[in-house]
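Student: Quick note: the sequence shown uses this note's numbering, first residue 11, plus one each step.
In short, the hints are calculated from the structure, not lab data. You can take every hint at face value.
Computed list of lysine to aspartate or glutamate pairs in EDC-like fashion (alpha-carbon distance at most 16 Å, straight line):
no.: 1; residue 1: 149; residue 2: 106
no.: 2; residue 1: 415; residue 2: 445
no.: 3; residue 1: 53; residue 2: 27
Distance windows between CB atoms, simulated:
no.: 4; residue 1: 31; residue 2: 185; range: 42 to 48 Å
no.: 5; residue 1: 305; residue 2: 212; range: 27 to 33 Å
no.: 6; residue 1: 310; residue 2: 188; range: 23 to 29 Å
For every residue, glycine included, the Cβ atom is placed at its ideal position computed from N, Cα and C.
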Amino acid sequence: MGTDAEYHLQRVVQLHDGARRSAEEEHAAWSTFVSGLGMIYQKDEGTNLFWPQFPHAIAALGLHLHRSHYAIRASMLGFFMLMLLSTYGLTSALHDRSSGLIATFLLAQYPIIFEASRQFGPDFPLTAMTVTACFTFLKAMTSGKLGWSLGAGVAFGLGLLCKGQILFFTLPFVVLVLWHLPGVVRQRRWPSLFTRILVIATVAGSIAAPWWYDALSQVPRQISEHLGTTPHLCYSEGGDGSPYSLASLSWYTLALFHTGMSLPFAALLLGMLPSYVRSPSRMKGAMAGAVLVPWLLFSVVFTIKQARYLMPIVPFLASITGVGLSRILSWNRISIVVGSMGIFFALLQHSLITWGGDSKFMGLLDSSAISRYQYSHRYTVPRHSDSHDWVGRTIALVDSVVQGKDRYRILLLNLDNTSNIMCDNVLIYWLTLEDPRLEFVPVLHEVRRTLAVLDDYDLLLVATHHPELLPLRAATIVENLKAHLHALEGEGLFPDAALEAFLRSIPSSHQTLGVIEHGHRVFSRYQSLHFFRPLPTKS
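Construct all of the structure, not just a fragment, from the sequences and the given hints.
Tutor: Next up, the structure:
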């Protein structure tokens, strides 16, 4: 897993354990489910308002049934099925069922979809809710049934609780559907077009408002920070680093086609464009807008960090390909083509993506700069038998040092990336998932509050992978910590006299209570965990 993914995974565990503790305090098992639903809108200190928690809450409910890494990721299966059904429905409504069948098959085979459905993150649910919202909106506008309007409102509302970016991907489609509507369907007296739109907006707003109300004031700042001229987000590996250079503008498109869709599927899309343009498919302008507007927006106006942020346009690309391909195939040919491609790509996905982490072919892909910005095979490769045994050994060590407690509070100091809480979550997630008794607090993010209640902590955990820091002593910890936080001095996080005094209070001859080593696949390094018994600040 990457650090972004493990941030979201750790958030799932945090929300679930908080709901479980609330249920235990109320002595009502059923309230865990109710608390789980409340997690959708739960906010606490440090919550990123631009990462709503609907996917996290759904995964947390699954975690209540079975506490495991795979139980959390299984929640993506529901979004995967919803995405496939909505893609089929949208393509069938705009053209015919054969086009919908082909589009659904192609979408399921795209590597960016196949792989993202097997890990955890908000971009995949966002993609599912985007195509679902567009499909239900189209049905609401063309059928005139109020039920479709309610469904569209729910889809838009839940989509906003996945990521606010859903508006960038759906509004072009919505506007162009309304533009084409008079020539496609005759207006009905009830419910009127205005009534249907009002129902959709009311339902969506009612669902999303409790979360986004507090975030609205931060939207201008977020937009300004992600403009294409922002230096720290400007793409540097695509060429000269200029935000509007040809290399920068084309980089994520190339990455999306290269490892997101794969070159064979990208070539198929380009080959089917003439057939799609000549097809009698309705509202081709709406489909074009759903692809081109977000693509231009995230290529020219905004700078994005990873090409997976363009994932919501992929179902529309599959739909366009499906319509174009169905026009040159009969039903019999479609069944033969779909069956043959299904067998071939099932074998390809199985051998190269799911199990091919050590293959030379995937190694070549992984060595390219492009693949580093995608969901790549390394996120889905099954862990080796010994890659996570450090979790059990760490918990056994904590049990042996701190005995007779229902809850262990551990102060975490990560010397590798002290200013990056994402890297702390790599440790926190795997350990708390295995044992809910563990509670971690990253020391550098709550320095003042942490030191005020230092006596309440059972252990100090110092994590590092630098061999030159071993053996780990107080002076080594302090000097390395200063080096990592040098750039943050202006923010007042360090130097901190109380923190330094505490760290130096560990005697130079003091030995660690235990050392655990583990390998981290993403960073390709070994990290050692050193446990100390914290000394009271009063001493």
